[in-house]
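Here is how the chains run, residue by residue.
Protein chains: 2
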Amino acid sequence: MLAITFLGTGTSMGVPVIRCSCEVCQSKDPRDQRLRSSIYVQTADCSWVVDTGAEFRIQALRANIQRVDAVLYTHSHADHVMGFDDLRRFGSVNSGRIPIYASKDTLQNLHRIFSYAFNSETRFAGYVHPEPHLVDGAFSLGNTEIHPIPVEHGRAHVFGFLFRQNGRSLVAYLSDCKTVYPEGLECLEGVETLILGTPCRRPHPTHMSFAEGVALAERLSPRRTFFTHLSHDFGHAATEKELPGNISLAYDGLRLDL
Amino acid sequence: MLAITFLGTGTSMGVPVIRCSCEVCQSKDPRDQRLRSSIYVQTADCSWVVDTGAEFRIQALRANIQRVDAVLYTHSHADHVMGFDDLRRFGSVNSGRIPIYASKDTLQNLHRIFSYAFNSETRFAGYVHPEPHLVDGAFSLGNTEIHPIPVEHGRAHVFGFLFRQNGRSLVAYLSDCKTVYPEGLECLEGVETLILGTPCRRPHPTHMSFAEGVALAERLSPRRTFFTHLSHDFGHAATEKELPGNISLAYDGLRLDL
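As you go down the protein sequences, you meet chains A and B in turn. Position 136, counted from 1, in the first sequence is what our numbering calls 153; the numbers after and before it change by one each time, with no gaps. Position 195, counted from 1, in the second sequence is what our numbering calls 212; the numbers after and before it change by one each time, with no gaps.
Derived by calculation from the structure, the hints in this document are not laboratory data. Positions of the beta carbon are idealized from the N, C-alpha and C atoms, including for glycine. A hint or two may mislead.
Said to hold, decoys possible - Covered stretches of chain B, as calculated for chain A (at least 3 residues, CB under 8 Å):
#, stretch
1, 27–35
2, 76–84
3, 125–132
Unchecked claim - Quick list of simulated restraints, FRET-style, between CB atoms:
#, chain 1, residue 1, chain 2, residue 2, range
4, B, C39, A, C39, 39 to 47 Å
5, A, S132, B, F156, 25 to 33 Å
6, A, S137, B, E169, 17 to 25 Å
Take these sequences, add in the hints, and give me the full structure.
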């Protein structure tokens with residue numbers, strides 16, 4: 018069993034965008050209100066979040082999250098990490114610590130940004146107490162195998178994550194990605210559900226465009242694909258009509274039981 | 018003319034607190050929903066925010082802020098700065114820059130945390146483009162004199178701010194403060210409206226308690242006092258009944274026309 022709840026499906030600026038009066042930013046459809054991209058993953062024996070953007074506190078309250086056993090980071094851009102401090106409410110009951118899984122580069126940036134939390138001399142009782150785990154290959158949380166998938170996203174070192182249980186590649190989450198390297202494509206073969214960040218309609222130097230996302234979904238042909246990390250280029254209702262039947266736009270609060 | 022809108026009135030954990038089932042955290046009273054402390058100040062010729070906590074994007078949308086000419090920082094603790102990136106939507110129409118007023122210590126920490134934004138090599142078009150202003154004494158924004166008031170708050174270098182117009186000390190904002198130094202008390206004499214952070218009922222090592230806030234208000238005897246930076250110790254309706262008539266609890270969205 019693996020369930021994914023989309024805590025946020027927006028880009029770095031979210032939707033609505035501050036001071037924007039476009040149709041999508043003025044939309045009353047709750048599916049057009051997008052906090053910064055993040056997912057909450059629940060399995061039979063373990064629960065984790067992927068990324069903690071600035072609005073993580075609001076996302077955790079909204080989804081009524083009671084348990085976070087670990088945090089996985091795709092990368093350390095501002096829209097993916099600035100809510101880190103709010104993990105303080107999820108420390109382990111025994112140690113107060115929360116395991117953080119990330120690349121060397123991301124761990125270094127988290128350490129730089131939240132130095133008070135990584136330093137036992139400046140970390141007071143009640144502060145978030147991270148337990149860093151360097152991700153340099155597949156690892157497990159409970160009965161789920163997690164395969165990091167390095168992807169191209171400008172100058173940042175970024176991971177997508179593939180979640181496998183009992184020999185099945187249940188779902189892959191690639192939020193910030195221009196292209197997937199050949200080894201990654203190989204790793205993604207046979208994935209049942211694919212989640213791709215496609216923030217814009219026009220080609221973008223560091224992100225997959227909408228059309229590139231459709232092409233990748235066609236190439237990998239998972240059963241279902243969800244697009245996330247969406248800008249105000251996309252009004253939910255209108256965009257859904259453009260998409261092939263097995264591709265959908267994710268929205269904040271959407272839960273997938275896989 | 019000077020108007021203050023409370024963008025947030027909560028402590029570092031906000032209210033409700035994640036995973037808390039206390040009466041205040043379960044309250045349906047909107048005045049018991051507190052985002053991280055911040056104010057928006059509007060004058061005839063200039064508008065600014067004090068602090069940008071993680072929820073700044075949501076606060077700016079909620080208050081329909083269309084203009085931010087400058088940002089003042091009290092200090093660089095996580096609950097006061099982590100929404101900095103969302104200032105990108107308020108850069109000056111001409112230069113894209115946004116003036117940032119803070120102490121040396123706070124500017125250094127902002128530079129460390131948001132290094133990509135301070136570095137012209139890593140700051141892409143559309144990113145927040147800060148223009149740092151070191152605060153080492155009084156300065157002006159439009160027709161408002163701004164007096165920084167160094168206060169004691171643990172190991173951090175923290176400012177309160179006094180806003181003066183036409184020889185009147187209209188309002189002072191001291192969000193994070195254990196004690197005000199004698200020079201600060203002198204500077205605050207005659208202040209008409211006082212805003213004090215009083216996060217808790219019990220004595221706290223780095224913050225003013227509720228009782229200490231009441232004592233300071235009595236000593237300075239402004240016309241009105243508002244308490245902010247409030248934890249879940251305080252249910253709005255019940256706490257208001259305990260307070261002297263000239264002291265009130267602030268709440269998110271409250272606007273003062275001074």
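Status of each hint after checking the structure:
1. 27–35: holds (count 6)
2. 76–84: With 4 residues closer than 8 Å to chain A, the stretch 76–84 of chain B meets the three-residue bar; holds.
3. 125–132: The restraint on the stretch 125–132 of chain B holds, since 4 of its residues have a Cβ under 8 Å from chain A and three suffice.
4. C39(B) with C39(A): 39 to 47 Å: The hinted range 39 to 47 Å holds for C39(B) and C39(A), with Cβ atoms some 41 Å apart.
5. S132(A) with F156(B): 25 to 33 Å: holds, 29 Å
6. S137(A) with E169(B): 17 to 25 Å: Between S137(A) and E169(B), where Cβ atoms are some 24 Å apart, the hint holds.
Checked against the numbered hints above, the structure violates none of them.
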